[in-house]
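Chemist: Listed here are the chains, written in short residue letters.
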Amino acid sequence: MPCRSAGPGPCSPSPSEPRVLLYVVRRLGQSVLLLLAMSMIVFLAVYAIGDPVELLVSPQATQAEIAATRAAFGLDQPLTTQYGLFLANALHGDLGRSFIFHEPALALVVSRMGATLELALSALLIATTLGIALGLIAALHSDGWIGRAIMSGSILGLSLPTFWVGILMLLCFSLWLGWFPAIGRGRTGDVFGIASSLFTLDGLRHIVLPASTLALGNTALTIRLTRSGAVEVLQSEFVKYARARGLAPRRILMVHVLRAVLIPLITIVGIEFGGLIAFSVVTETIFAWPGMGKLIIDSIYVLDRPVIVAYLMVIVFLFVVINLVVDLLYRLLDPRIGAN
Amino acid sequence: MSALLEVRGLSTHFTGRTGTVRAVDDISFSVARGQVLGLVGESGSGKSVTGFSILGLIDPPGRIVAGQVMFQGRNLVTLGESALRGLRGNRLAMIFQDPMLTLNPVLSIGTQMIETVLAHEQVSRAEAYRRARDSLGLVGIPSPEERLAAYPHQFSGGMRQRVAIAIATLHRPDLIIADEPTTALDVTIQAQILAEMQTLSRDFGTALIWITHDLSVVAGLADAIAVMYAGRIVEAGSVADVLDRPRHPYTSGLIGSVPSRNQRGARLRQIPGNTPSLLNLPEGCAFRSRCSYADTACAQNPPLSESASGHSSRCFHPVHEHVG
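In the order they appear, the protein sequences are chains A and B.
Take the first sequence: its position 293, counted from the start at 1, is 293 in this note's numbering, and no numbers get skipped.
Take the second sequence: its position 300, counted from the start at 1, is 300 in this note's numbering, and no numbers get skipped.
Worth flagging that the hints you see were computed from the coordinates, not collected in a lab.
Please note that a few of the clues may not be correct.
To be verified - With beta-carbon atoms standing in for the labels, derived distance ranges: (1) 149(B) to 48(A): 56 to 66 Å; (2) 134(B) to 35(A): 50 to 60 Å; (3) 28(B) to 23(A): 29 to 39 Å.
Backbone N, C-alpha and C define an ideal beta-carbon position, used for all residues, glycine too.
Using the sequences plus the hints, can you model the full thing?
Modeler: This is the structure:
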């Protein structure tokens, strides 16, 4: 309830913590339903793609051998039985074993997740810092040549395909200039038990090119969103009032304008981060980055159903978590939202 | 007594693709220390642009094309941006019509008050906080400590305007420009705010420029009145002179259109027609198309005629008798 007391008398601050907790619990409940629906769609879709048995057995296998393999993987059961079994196992955290690697599918996906996450996070960091900075500059000089140059550049960034930029980067910075290594993840370092190439110099040198490639489209998008938001906010009444109070331009830009711009931006950045994780496939393929993207492509080729399903479930889960974080950040940045 | 603020021949024009808008056209007035000047006019008459011109807050395509704004011996028109910034919110404060739009919705009142203190004085955060709290208390906001943590949407309209006044008075300014600060408020709240402002003005010797379209507000509050029409001041003088013995037909029309108790049941008089477009306004008196006294002489710009008491007007055919 917003406080509507017109006259004197304090408007007691609402107890926000329990409400936020309730909100998180409710959102997580919704997420479980979403995961269930998603698992059904994914399971059906993968079932429709084709019969993996023919890829699992050798070309010379007899009918009896094929039948035996089919039975061994439970593929002879009707679809509903298969799905029921999958669901029952999934509740115990078991998403099946890979047909190819003979390892638990979930563990396989998670083992590759670190590499993808560090790539996506680095790309996100580049995209937001560079995007917001350039976007603000473009907004401040919207009529000048700097502003125009940044906006033209952002169009280029949005329209160039990732695979082409990736290959060009490889050619330019790795082969010709030799500044950065071309492929692979480099050495990883351990911090708090998490292995990541972000913790070693060699790893950092390896991640620069793929992260920049992945960040390009999002940087361009962030520039455009920041600029259009900032141009609007700069003309708003509260910026004029901030100037009338004699605030320094730096304070007006970094506190008043940036905060107002961040609120809509954060939604887009959240969605885009999900996209970065899910669609880093192309970049990972170009730079031979051992992440989830490469794993899923390989798995689709050989119809390794459990891995495909596990991968998609993990992605859905990540999207759910990101959206939740975005919503919480949103409440943190805009006090008016928590009030309702 | 020398004036605190003296505006001389100020002209602010907006140049667009379709022509030039003379939002403020060659206006002059002065405000003494502690004096309250009511700047009266309809929407689009250039009142607000006058206020922004004084503060140097005119953005392109707008530009101050001529004139001086002398404030404490300095010409604000030629003053550099950083020197001007040092005056804004400090010696010269502004209050806007709707604080719901002017206060930043996502920053607490405390943050916005403290930043205003720190913008002009190098004091500790704790000291800035104390000043913000005291200032809120001074304008009659109960439990100021609690309210500092609140956000603009948690205040009612009247309380928000009090916050704006508290912010304006943080540095005990010499002049406050209030741009229709009570227009969006209930009549009862409006009366409270007006009383509040009068007290503040008296106690601190703060001069006020009160921009409004409401003559009744000015009648009770101001010492002097300047009436604006189409970017020009058509009449100026003491409240008694202008309201009781208006000379310009426009002023007399404005006064006639205010409902009063003596004319219960009678039709309100209204000024026929609309305010002219300021775009490429022709020479001559801008009011002549709506004026019943107008003749061929009015195609020229009427000169300023001033009486001994300082009552001035721009009209060839001044009204001598106040009808109504």
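Chemist: Confirm or reject the claim that residue 149(B) and residue 48(A) have a C-beta distance inside 56 to 66 Å.
Modeler: Once the Cβ atoms are compared, 57 Å apart, the range 56 to 66 Å for residue 48(A) and residue 149(B) holds.
Chemist: Do the Cβ positions of residue 28(B) and residue 23(A) conform to the proposed distance bound of 29 to 39 Å?
Modeler: violated (60 Å)
Chemist: For the hint 50 to 60 Å, verify it against the beta carbon of residue 134(B) and that of residue 35(A).
Modeler: holds (55 Å)
When held up to the earlier numbered hints, the structure conflicts with hint 3 and nothing else.
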